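Q: Whenever a hint applies, use it, and build me the whole structure from the sequences.
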Amino acid sequence: MIELRPIREGISSAWVIGAAWLCVSLLAVVAYGPGLSGPFVLDDFTTIAQLGNLGGVTNWETFNAFVFGGTAGPTGRPVALLSFLIDGNNWPTEALPFKRTNLIIHLLNGGLLFVLTRQVLELLAVDRKAIGWLSFVSAAAWLLHPFLVSTTLYAVQRMAQLAMLFSLIGLICYLHGRSSLATKPRKAYLIMTLAVSVFTTLAMLSKENGILLPMFILAIEGTLVASRGADLPTLDRRWSTVFIAAPSLFIVAYLGYRFFSADFLEIARPREFSLYERLLTQPRVLADYLQNWFLPKLYTTGVFQDHVVKSTGLFTPLSTFIGFVFHGALITLAIARRRQLPLIAFAVLFFYASHLLESTTLNLEMYFEHRNYMAVAFLFLPLIVFLGERLKTRTAIIVTVAVLGLLTGFTRYSATVWSNYEVMVAASAAKAPTSARAQSQYAINLFNSGRYDEATQVLDRAVEEITTDSTQLLITRLVVLCNLRKLKATDIEAVSLRLVPKLYDPRYLKFYSDFAQALAEERCPPVGVDQLRPVFAAMLDNPLNREAVALSHLHYLAGYVDAHMGRREGALQSFSASLEAKPDAGSAMTMAALMATAGFLEEALLLSDRAIEYLGVQSRGVRLGKKVTEDAIHEFQRVVREDMQSAGT
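So the sequence shown is numbered by our numbering: it starts at -11 and just counts up by one.
Bear in mind the hints are in silico, worked out from the structure with no lab data behind them. If you're wondering where the values come from, they're calculated on a predicted model, not measured in any experiment. You may find that some hints are simply not true.
As the list claims (entries may be wrong) - Distance ranges between label pairs, derived from CB positions:
| id | residue 1 | residue 2 | range |
| --- | --- | --- | --- |
| 1 | L30 | Y242 | 22 to 30 Å |
| 2 | V389 | T229 | 46 to 54 Å |
| 3 | R495 | T381 | 50 to 58 Å |
| 4 | R629 | P62 | 27 to 35 Å |
To be verified - The list that follows gives simulated cross-link-like pairs (lysine-lysine, DSSO-like), each with its CA atoms no further than 27 Å apart:
| id | residue 1 | residue 2 |
| --- | --- | --- |
| 5 | K490 | K298 |
| 6 | K498 | K570 |
| 7 | K419 | K498 |
| 8 | K419 | K298 |
| 9 | K570 | K490 |
| 10 | K285 | K298 |
| 11 | K476 | K498 |
| 12 | K474 | K498 |
| 13 | K285 | K419 |
| 14 | K490 | K476 |
| 15 | K117 | K380 |
The C-beta atom is built at its ideal place from N, Cα and C for all residues, glycine as well.
A: In structure tokens:
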């Protein structure tokens, strides 16, 4: 048995711990309070904004389309999408309710982590008088840590929060069932079976890494339970094979399959790196995660994480090799000493198991802070137990209060930054000078505030120093030059040479559209919108751009230019090709409006008729991308016909 100095017999009662937890929860609310007034950011607009489809989620059809029509991952993440309806059913909407619910879920996760941590320590037969306080300090440090701000205040990352919530419940239920395995085996296996099957499913339908729940159980069995030897009953081999070993093996096998895939060494579009380069880079990324956890920062780079330099070889940079050695040594030590140092082994293996999907061979972005939301849950626990054995009561209390106070202050500062998008962008741009996304958005904010010279300086420096070809950065620079009337045809040609050979990235449709609109409105003479037609034509000729979304966007952009150039047939052909690639009623109406504005009224009616057709077949799988109703389409057609009559056509 691990001997601890209880902190302390006189204050270890449940009601005192409950009161302390209430205080910590209030601290968390105070710390996160400023960030609740912050805006939606980035992926919020591509996921939550879908609430605006069909004029809002108001009936079964729109409910079904929103909840079960998600595209964020292979499962669609319907549980997470369903939860967004708690806070709003239309778009635009206020961000506050979404962030408030995220904070509530964060508090729930903290409470569940406290319960699970108690169970973990009970498995190790820790002195019961100390378990409550050790669990409290560990869970409180997680709850108040500033590294989790970007998960809690980023509305769409409720997906990660819910995946953790259901995983925690599953683990708690599993350990509860296992505790009665010796005396009531039928009841135990029923509870454990439901825990694994039900909560893995719910976690996975919130976010795909919820599938890792069986691997977390494997980590518990291989460390905490294994360290007890014959003190605890072993699991039935058939049950553990079906519910633990087989799911874990499936995950490892799939990731291994990706390792041996034919395109492993090729650039994994739309990324700027191959899966091989991504795998090489992850040891450095994981080391950075650990550094941010054990050495908290007032503010990180937040949602702008495209500045991570990829590793191209085991020694390029050298930190790649050092990272492999470091993580390999930790994992090896954890496995080798899992019986002698079960708590350390568990915390280490739990961390790496949590990162197994998102930090290995899947074609994901290099770095995101929210991937640590579950992973870091137990990293402090071995240290807390170690100190609990050695510190006197008064010293332990002082250290605990100081650390939790410091974490609260850091989180409050970070949440304050998150309360204002312009401040957030400026802070991220300062933290990550090589982030094309941060520099681009920072320049836009500077321009919108009238600081034109600073905006161009930021863009010029970024274009010169950032080696990767960032579509967002390059197009933003063209838009700014256009609005300052400094744009030249050679600027477009130079950008075209860099972007045409690349795979088209659908995330940047708005940047291309805004630039095309600026040229069409003659905001930057002598350059005209006709300068863009050969650029979009060349991008369509690029064999990389054969995916439906890319074809739809590029044909739309070509049609936009044709419409503004007065090319009736060319515009109709391009818009038709766009809709054939990706049928969508809202897009059809956008194109119809452009044709009507250009004076091509008959073509506008043709496109609006297509929009009605798409509405009619929605139940067979055509998902609407923009808010549109049949009544609105008929009203549009009525106005167009009146214009045709007035024009005598």
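Q: Each hint should be assessed against the structure and marked as holding or not.
A: To see whether the hints hold, each was checked on the structure:
no., hint, verdict
1, L30 to Y242: 22 to 30 Å, "holds, 28 Å"
2, V389 to T229: 46 to 54 Å, "holds, 47 Å"
3, R495 to T381: 50 to 58 Å, "holds, 54 Å"
4, R629 to P62: 27 to 35 Å, "violated, 45 Å"
5, K490 to K298, "holds, 18 Å"
6, K498 to K570, "holds, 17 Å"
7, K419 to K498, "holds, 26 Å"
8, K419 to K298, "holds, 18 Å"
9, K570 to K490, "holds, 21 Å"
10, K285 to K298, "holds, 23 Å"
11, K476 to K498, "holds, 21 Å"
12, K474 to K498, "holds, 22 Å"
13, K285 to K419, "holds, 11 Å"
14, K490 to K476, "holds, 22 Å"
15, K117 to K380, "holds, 15 Å"
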